[in-house]
Structure formats: structure tokens, C-alpha cells
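Just so you know, the protein sequences line up as chains A and B, in that order. Using the UniProt record's numbering, count along the first sequence one by one with no gaps and you end on 546. Using the UniProt record's numbering, count along the second sequence one by one with no gaps and you end on 355.
Simulated from the structure, these hints should not be mistaken for laboratory data. Be a bit skeptical, because a hint or two may be false.
[Unchecked claim] Here are the computed distance ranges between Cβ atoms for each label pair: (1) A/D364 <-> B/T108: 55 to 65 angstroms; (2) B/H65 <-> A/E412: 32 to 42 angstroms; (3) A/G144 <-> B/E72: 15 to 25 angstroms; (4) B/T108 <-> A/A427: 27 to 37 angstroms; (5) B/P79 <-> A/G144: 24 to 34 angstroms; (6) A/D364 <-> B/H65: 41 to 51 angstroms; (7) A/D205 <-> B/L76: 24 to 34 angstroms; (8) A/A427 <-> B/L85: 19 to 29 angstroms.
[Unchecked claim] Dumping the calculated DSS-like pairs for lysine-lysine here, alpha-carbon to alpha-carbon at most 30 angstroms: (9) A/K103 <-> A/K530; (10) A/K258 <-> B/K179; (11) B/K179 <-> A/K527; (12) A/K34 <-> B/K179; (13) A/K545 <-> B/K179; (14) A/K288 <-> B/K179; (15) A/K248 <-> A/K187; (16) A/K258 <-> A/K338; (17) A/K350 <-> A/K492.
A virtual CB, placed ideally from N, CA and C, is assigned to each residue, including glycine.
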Amino acid sequence: MMHKLNGRLRLLTASAALALALGAALPAFAETPKDTLVEGFAFDDIITMDPGEAFELSTAEVTSNTYSLLVRLDLNDTSKVVGDLAESWTVSDDGLTYTFKLKQGMKFASGNPITAEDVAYSFERAVKLDKSPAFILTQFGLSGDNVTEKAKAADEHTFVFTVDQPYAPSFVLNCLTATVASVVDKKLVLEHVKSVEPTKDYKYDNDFGNEWLKTGYGGSGPFKLREWRANEVVVLERNDNYYGEPAKLARVIYRHMKESSGQRLALEAGDIDVARNLEPGDYEAVGKNADLATTSAPKGTVWYISLNQKNENLAKPEVREAFKYLVDYDAIGATLIKGIGEIHQSFLPKDVLGALNENPYTFDVAKAKELLAKAGYTDGFTVTMDVRNTQPATGIAESFQQTLGQAGVKLEIIPGDGKQTLTKYRARNHDMYIGQWGMDYFDPHSNADTFTNNPDNSDAGTNKTLAWRNAWDVPELSKKTKEALLERDSAKRAEIYKELQKSVLDDSPFVIIFQQTEVAGLRGNLKGFKLGPSFDTNYVWNVSKE
Amino acid sequence: MSMSDTVRMSGRRRARSRKAVATVLQFLVVVATTYLGLLAVTFFIGRVIPIDPALAVLGDRAPQHLVERTREAMGLNLPLYQQFLLYCRQALSGDFGVSVLTTNPVMTDIRRVFPATIELATLGTLIGALIGVPLGVLAAVKRGSIADQIVRVIGLVGYSVPIFWLALLALLVFYARLKWVAYPGRIDVVYEYTFSPITGLYLVDALWQRQWDVLRDVFRHIILPASLLGYFSLAYISRMTRSFMLNELQQEYIVAARAKGLSEARIIWGHALRNAAVPLVTVIALSYASLLEGSVLTETVFAWPGLGLYITNSLQNADMNAVLGGTIIIGSVFIGINLLSDLLYRTLDPRTRAR
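Here chain A stands alone, though its shape is the one from the complex (with noise of 0.2 angstroms):
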């Protein structure tokens, strides 16, 4: 019995001295390594790393720094664009053709030269793919049948892209910026081919690499993909092979955290440099901590409650101004929104050609209730909103609900899970929804594109829109949404939108609250971390320890 219990207690004093031994002897500090940089980041959005195929706004920041585009936004003035792999391009008189003169001697991470014959299988394949974000390229009349005669390679150096239409050349070249638009390295992703039987809604007999892009990495960017593991890890490497200035640091690694506290404490501890996902608190804690920093930029995000037409209460234009002055714009930018957006109420974000940067309503219970009088609604009436269980969502609907309240207007939330809103949504069923619409390239026509444009209200519908899921039946506001595409003066095109978005302002089922600002939390020794105006504007390339 002795020699038993004297066993257990041994087994006992051994494993608590591995346990001490393997606690014990901890650095006082956490740090992450000198040529590392390491962010916390939420990337379970994240589905696919193909450039063609990709549409996520985490993707988009990988994308834009391992993979090269013809042109790219300039971050000093974001109403034009800089050359990437192009020195120079003209436009022919006629507004239909765009030349690119390539850049020489460039190569691509694999040592292959990148030529403009790569530049034309970029296009054709995420055209014949036709994935989500090949619509930024087929607006522009390509099809799988005609993108290898009207985006081609005229030599070694030569690219040549023919539009539809005498578009805008803005537009144009700010829809080249979109991560869709960027360049594979043909070699190599041929190398990876997979053939697959035609079908009646894809012809081709190959994938275009595309089941090999998933994961795989073919491009030229200043950094290279290394790997990606789903809700884990996305790892960048220095791309040895650049053309342009060398990225400062020799690797990133981006962590899945998906909780803001948990990235607060790991941020401060040291064991992330970045902290991506801050929610208000912790990001305000962060910047009173004097070891850290913060930085933030407005994105191309914004917010808005829409009112369904096919709901004759809110169909009537006096409940629709009613409701724009419903909204406690002050308290809501103060608290719910402070350090994440700030108020912004036409649909256009700052900083695109265009913009309105001007906020007319303001919360006025009177003013309302003298509208719904004026309707007919002197007693209010009841309505439900769809809302999605996180922020800062539901406390908007909150807020909305209470001040709305104040006018006799009785909300029900009906909170859901965001896939689930956001189906019921697409189908028209609801009566109010809040939800976001971020830019899907960095152009006007982006947002215009939904928020003034439905050209069939019938459910069936062609082109369902914002303004086709809130039934918004606007005939002019398209056809004038249509011109703006087509104004190649860009001072004019900018008027175009200005009266687009006074329009929407005055009298659309949208109550436009705020812009979306992104934020990152900072250790204090990073120098050159910047937020971009968009997601694919996110440069790590810069970024340097000291």
C-alpha cells in the first residue's frame, strides 16, 4: 500500500516538475521576429486566392500585394490612376481602344518573363471562368467568345484592350485597378491545367488553372503567396524576382483571430504587430496605451437602412423623407460608430470621383411627424426590420427603433443571422433591412450601379440592384446612371453623379447613415503601416520594424 501510494505521489511530483519546467524559464517578453511582420486578422471570408475568381474583401488585400495589374490607383490623388506592369497607355479617338506599353524586363516570382501575352490569358480566363467579379470585365462587352480578339497582345509588350462602347476612360482604367484585372503567370499556371468536359453552361475543356490558383500562387507582386489554411493562416513572402522597389520585410504572416478582445491582449502582450478587427472599446484602449498606435482610413463601405416599396406605408414619399430624419445621425456617430465610420449620408464614399461630401438631415422628431401627418399617419403605424445579429448593426436598429418610437412609428426587429437576413432580403420579402454596400471596384458607376439602377422592377428581374431589392422602380435615374458610363470629360461624369446622389438623398427608399472607416491597432516599433482608401489598397510592401 505504502509502495503504491508512494508511486502515485512520485507520478505526481514528476509531472508537476515537467509541467514547471516547460512553464518555467518564460521570456518576459513576446515578440514577434525582426523581418516578420505578424497581423491578427478575421479572414474567414476568404474562399478561393485566384485572382479571377476571388471577390472577398480579405482576398482583396492578399491580392493586391502578391499579384501585379496594368494600372493602379494613386494613392495621392484617388480620382486617377499610376501605372503597375504599364509604363504608358493611350486611348483612341474613338473611346473604343486602350494601348498598353508594358514595362521591360520584368519577371514574374517563378523567373518567367512577364509579357503582355500574359497579360491577354489573364483576361480570357477569368472571362471564360466567369466567376463572381468577371462582370468588371465582361460591362465592357467581352465574352468567351470574343476576349482573345478584343484583349490581346499586339507584341511582346503590347497590349491591346477594344470596348463596346466610347466608355469613360476612368472608368475604364479604375475598373483595370480591380484585383480581377490582375496578371497571371501563363507558363505556369498551363503547367497546372486541368481538363474538364465541356458542359452546356462552360465550353472550354480545361479550368484554366483555376482548381490550381485556388490555393496555388502565380504572380508577380512584391510579395509571394506561400500558403493559405483556411480560418488559419495566410503566409506572404518577399518576392526576390520584383521589378519594383523590394518589400522591406522578408515575410507576413496574417493570424485568423476573430475576437477584437483576444486581439487587443495579443496585440499588447506582442505577439501580433497589427490588430485588425478592433471593435470601439478596444480600439480606444489601444490608443491610449503608450506602446501602441493606431491608424485608420475611411473605406469604400457604407451603411444604410432601406425601405421596401412593395410596403405601401413606406412607399409613400413623405414616410420615406420621414424617416431620413429619424435617425439620431450625432448620437449614433458619437458611440455606436465612433472610431469604426463616421456620418456620411449620400451613397458615394469620400474620396471617388464625384462624391458628395454633404450630410443635410439631421435628427428632427417635429419636421418628421409633420411628413407623416402629411401622409396620413398621425397615429404612425407598424413595421419590422431585418437585422443581423452583430454590430454594429443591432445597436443602430436599437436606436432607430427609439427614435422612431418618438414619431408613433412602431418597429419590430426581427434579428437573424447575416446569411439569413441578407437571403430574406435578396427575395424582397422584408419590409426594412440595415445592412452595407462596399465598392466593388474603385469607380462612381460601382455604386450607382445598385443604388440608381433597376432596369426591370418585375420580381423576375434582370439586374437585381439595391434599388431592384427595395423595389425602387427609377426608369430616369437608369438611363441617367447609363449616361454618366458614357461622359469621357471627367469634371462632367463627376456632375453626372453629384446629381445622382442629390436625387437619392431628397427622395430614395435609402437612409444613407455613415461611411465605414477601417482601423488598425499598431505595436509602436512599425513604420510604414498604412490603410489603404479600399481593400485592395491595403499595401504591406511598405511596412518596416525598428
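Chain A is already provided as a structure; the job is to place chain B on it using the hints.
Showing chain B alone in chain A's frame:
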């Protein structure tokens, strides 16, 4: 050996093998019905939740013609019963298809995320059992004393405090303030490319490859989430141990043992616990199985890439292939662990072997 002996022996053997076949058949029937139930439930949950699965594949911003094409390709336009048959056929052929979220075959994903959960659950259960059982015994022996009260409070806290909150609190104390443990994830980024796991159980891999610094780092990462999970199973195990022990301590054989003059330690650990161990095995096995499902909240807070997070994320995105695969795995784990605890029963309790 005479002729008749051989005949009798083979007869007995035949009878025994018949019995074995019956047992196996019975087992298979149970497994089959369980699986069918699993399939039906996951399928109908997947179809009842008002989420368009095409949305998961394409995201919100895809043009309309793509949505139509995808719905067609996913068979979402077929009648419900045909969809269910399709779903069953897929599952039976062992092909769970490709996860739309990660684009990997579901089995590849599960092989990647499951070891993370196994490692955490095993350590958690070990902690829970090694501390929970002695605490339960203590509480039973010193029934009504201060010690009993303390164990009760520990258990009560374990039952009632939300794990999410406790996890954040633990991080704040042990990671942020005391710096005893490491965070986030399973391993520090410095080892990301110097350490190549084989089994996916990092502790085992590090030990096997004799990478001591990696082992220490992995241990520092796992100890806090494992302790938390351990605490929650401890709360349960100690309560159950206490009640089993109280039951045993009232039995007549204990009185007999005392009368014989056996030491109290021998009576408690050697006799009473030995008998209480039989139902305890089931309790511990079930708590282990529930940890193997993956604790979503713990995995979220600790950025732990495990099964719970994977399945929840898939379910929310209507990624039915992944949900099906994950459910089958969890179902198999439950069935397997039940079988295992049955086997353990036999070794622990001679009476179950007698027949």
C-alpha cells in the same frame, strides 16, 4: 483428446461465434440507424434554415445568372426527397464532396482541424478526470464538511459561468498580466516553418521529433484552453464521482471491510472507488466525447483551428458538405467512444464478463 471432446468444443465454438455474429449484427443495426438519423437531421436542419446555399458559394455580390447556374449545379432546384437521396448516396460512398468555403475536400479539412480538437479535448479530459475524481472522492468522504462545500462551489461555478467570459478572464490574467501562457493559436509564428507536424497532435509531434523548444511553446499555447475545458469537465466529473461514492460508501461491503480492520485509505481508494469506477467510466467517456465535438466558444476565443469552429462556420454558411462530413465524424466518435467504454466496463467489472 477424444473425438466427442472435439465435437463438443467445436459446437461450443460455433455457438460462441453465432453469438458473436449476432452481437456484431446488433451493433451494425444500431450504428446504421444512428447514422441514418444523423443524416436526416443534418439534412433537414440544412434545408430548414432560411439561408440560400448558393450565397455561401458566391457571396452577396455575384451577378444573377451565376446564382441561377450555381443553384442548378448544387441540385437545389430538385424536389426535396431527391436532394435527400443524393445527399445519402454521397455520404454512403464516403465522399463528402468539396467544402465550398475552403474549396478542399471535406475529409482533407477534417484531417486538418480534427487533431487540434483531439489534442485539446484529450488534455482537457485528463485534467478534468485527474483532478475531478479525487475532488469528488474527497467531497463524498468528508460529506457536509468545508471541503465538501468548496468542491460544491467549484462545481457550481463550472456549471454556471459562461465559458466565453471565463476564457477571456483567464486570458487577461494568465496571458496578459502574468505572462505564464502563450497566445494566440496552437504555436508561435517563429516555429511556423521550422516545425512540420506529422500526426497533427503537436505535443506528440514535438516530443517525437525531440524539438524541446517547440514542445514548450506548444505546451504554453495549449495549457490554458485545455485547463478551461478541463475545469468544465471537472465540475461535472467531481459531482458525479461524489454521488457514486456516496452510494458505494453506504453499501454493506464497506461495513464489512471496516469490520475487518482495513485502513480507511484502502477502503476508499481500493474498494469504494473501484466499484464507483464502472459508471464513472461512462461519465468520463461522455464528457470526452462532448469535448471532441469541439468547443466552439473556446476555439473562437483562443483562435484554435479546431472542429467546432469549422462545423459552426460551415453551418452558418450553409456549407452542407462540410456539415455532413463533420456530423458523420462526430457521430462516429460518439459510437466509437461508447464502444470503448463498453469494453472498459468488461475489464473493470468482472460480472459483465461472466456470461
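Broken hints, by number = The structure conflicts with no hint, since it agrees with every one listed earlier.
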